[in-house]
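Kindly generate the complete structure, drawing on both the sequences and the hints.
Chains A and B, in that order, give the protein sequences.
The numbering of the first sequence is the numbering used here, which starts it at 1 and goes up by one.
The numbering of the second sequence is the numbering used here, which starts it at 1 and goes up by one.
Rather than coming from a laboratory, the hints here were simulated on the basis of the structure.
Treat the hints with care, as some may be off.
[Said to hold, decoys possible] With a straight-line Cα cutoff of 25 Å, these simulated SDA-like cross-link-like pairs (lysine to any residue) come out: (1) A:K391 / B:N104; (2) A:K10 / A:A36; (3) A:K391 / B:K18; (4) A:K391 / B:E144; (5) A:K409 / B:E144; (6) A:K425 / B:N104; (7) A:K425 / B:G92.
[Unchecked claim] Residues from chain A shown here face chain B by an in silico Cβ test under 7 Å; the list is partial: (8) Y131; (9) A218; (10) N353; (11) E379; (12) Q380; (13) R387; (14) V389; (15) S393; (16) A401.
Virtual Cβ for every residue (Gly too), placed ideally from N, Cα, C.
Take a look at the letters that make up each chain.
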Amino acid sequence: MIDQLKHNFKTFETSLNGATKSNWHELRTEAFEAFAKNGFPKPKDEEYRYTQIARALEKTFDFSATPVAIDAVHGNKPLFYDSDAIHVFIDNGVVQKDSLTHTELDAIEIMTLEEATNKYPEEVKAHFGKYANVQKDPFTALNTAFSYEGVFIKVTKNTKIERPVLLHYSTDGNNSISQSRNLILVEQGAEVSIIESHTSHGDSAHFSNHVSEIVVGANANFNGYKLQHQHDKSYHVDNTFISQDRDSKAQTYTLTLEGKLIRNNLNFALEDENCEAHMFGLYVVRDNGHVDNHTNVDHKMPKCYSNEIYKGILDDKAKGVFNGKIFVRQDAQKTNAFQSNKNILLTDTASINTKPQLEIWADDVSCSHGCTTGQLDEEQLFYLRSRGVSKSSATAMLLHAFVNDVLDKINISFLHNFINEEISKRLD
Amino acid sequence: MLSIKNLHAEIEGQQILKGINLEVKAGEVHAIMGPNGSGKSTLASVLAGREEYEVTEGEVTFLGKDILDLAPEDRAHEGLFLAFQYPVEIPGVSSNNFLRTALNQTREYKGLEPLDAVNFLKLMKEKMALVEIDQKLINRSLNEGFSGGEKKRNEIFQMAVLEPKLSILDETDSGLDIDALRIVANGVNKLKSPDNATILVTHYQRLLDHIVPDFVHVLYNGQIVKSGDKSLALELEDKGYDWIKEEVDATIS
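Laid out in structure tokens, this is it:
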């Protein structure tokens, strides 16, 4: 497979006219070399121990095709549409350029990465590939190696973008592979909410490999929502890297409703003092679905706060993995870091592997973590039923109650309603 | 209304009820008293349909229907209500939403139209006044952070909304101070009618000063060993349970 990809990589590079000498070219080459050296995660790779993704991918997908589906553009209808939002469509990893003409906007610029290299070469050079570590994760390496466009968003200093930006990612099957890439710059004092909605069409398998780099400037505020609602033959790997400057605030919401295998690597780097990072996660998985959330918060400087709440409901034979790492460096005194992962298993065949990982090198910190896994509380169930609430309604009520503290954190009402309804459909 | 014949029940292989016989008619108030561990709460739980208990012998008919095979929710739909000794806290479930679902599923079972939001709210207001419960409690998650007295009051409030035919109050008085006890008892008395019946499971006679029973039964070692009128409760208050135990043990030997 690697040999085949080497060939693809050469073809791909030469197809990009005149780009071979740029800084981006060097990044691609470095990334490809890293990928060629490491390959996909091995069965004993600690980072992917509970998610044996490599075998599944090699078995299902043909890597002889360039892992960028350039055409296959189709007019699909988005999962949800709110007239209030700023919409951008990305089909099979390819940005639909006609969806980028938001002339009415002045405080936010949305374009392809390719355009950005011409318009904002300094910014792209300073940030692209700077946070996405190609040595650490093979999927990040693969993505960077074959990156040629993607979504570039720049939010102008000291402005608040009231309308959420909604990135619709659609894929269709044929055992194809797509890769997508984001670079989002939230300048000093700016504020924005960005929703990524990942869906799949058709009924054959697809592998989407997504990487986002998000730079949150000093005193800025970023809200990132990820809705993963692909079909049950979809493989999806997400690597998100958020870098925060001093006094900034970032909230992420990772909401997983469907998919064959999903792996999320969410990385926060708190680069300066007084940053605040919130990570909310919700996964409601059924059948043979597999969801793996790896999060990593790197507390580099003093007086930062990180808070993580991930909740999961696993039904049928679904599998869940949670690995939450909190890394507190020696300089990061007065760090406050909290983490919680709670799961409900609805069947004996559903399972979860959950692991908190705290590495603390500073001495004046406050950290806590906790995880629980269990069934529904029988006493609560009986109480509700004894009042005349049917077993299925009572179960739904308790599961709703379980997810509510994450759901209620979703500040965008149409998204909140959508998730709430989807979960109701699932639970009732 | 309720007829219990030779009821035997066990939990985890341990026999708790060893042949209970009891008849309850509409309009009656029965008190079931007895020392700790005699099986009082087990009886209440078995009637409400708690699944940990296994009925090994006997029958229970409620309004002419065998209820032992009914799910807990269907027993509720038939008109049975259990006020819990320890009402459970359910964070994240709103009292309003829960009660409306309970009420409307009961109405559906009976072939009635569901109550709409406006009429439900009206009913809630009316019943809140009846049992003197604060709107603030109802606005919160079910029993979450309630004091012991507030939880018991909420049980009576739910009873008022659901209007059961037979209410079983499982040690509703334990842990209540005098004022809370009076409010709870007032609520129960207001809800009493010639058409419904009440079973008070209690350890103390104190409750019976406020809710006057027609019959008092003493449960000991899984059986009703003595029945009488309200004077029996006073006698128990006065003399304790030892004389009953002695009487029973003497008969056996």
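* Asked: Which of the stated hints cannot be reconciled with the structure, identified by number in ascending sequence?
  -> 3, 8, 9 and 10
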